[in-house]
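Q: Turn these sequences into a full structure, and let the hints steer you where they fit.
At position 81 of the sequence shown (counting the first as 1) the number is 86 in this note's numbering, and the numbers step up by one without a gap.
Be a bit skeptical, because a hint or two may be false.
Computed beta-carbon distance windows for the label pairs [as the list claims (entries may be wrong)]:
1) Cys37 <-> Val71: 36 to 44 Å
2) Asp58 <-> Ile27: 22 to 30 Å
3) Val40 <-> Val15: 41 to 49 Å
No lab work stands behind these hints: they were computed from the structure. Note that the structure is a prediction, hence the values are computed from the model and not measured. C-beta: ideal position from N, C-alpha, C; glycine also.
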Amino acid sequence: MILPATTERVEKHTNGPINAEIQQQTEQNIACWKVRSKPEIQERIRELDRDWDTERVLEANASAIVFRDTAAADFWALDVETRVIFIKSA
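A: Structure, rendered in C-alpha cells:
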C-alpha cells in the first residue's frame, strides 16, 4: 500500500466544499500577509514556531504514554491518558 504524500493526504480525505473553504482562507491569508512589514512577518513566524513546538511536545507525550502502556499491557490506562492529552491539546 502506497501512502499519498503528506501534502495531499488531508485534502484527499476531506469533502470538496471544505477543501474549497480551506483554499479560500489560505488565499486570503496570503493576500493579508503579502502587504505586511518584514518585522510583522518575522513575529508571526516566531508565534507559529512556538505553536508548532507545543504540538510536538504533546505528540511526543502521547507517544511515550502509548509506548509505556503497550509495554505494560495496560490498555485501559492507555485509552484514558491518551484521550486526556489530546483533549488538552484541542
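Q: Against each hint, give a clear statement of whether it holds in the structure.
A: Structure-based check of each hint:
no.: 1; hint: Cys37 <-> Val71: 36 to 44 Å; result: holds (39 Å)
no.: 2; hint: Asp58 <-> Ile27: 22 to 30 Å; result: holds (24 Å)
no.: 3; hint: Val40 <-> Val15: 41 to 49 Å; result: violated (28 Å)
In the structure shown, a violation is registered for the earlier hint numbered 3 alone.
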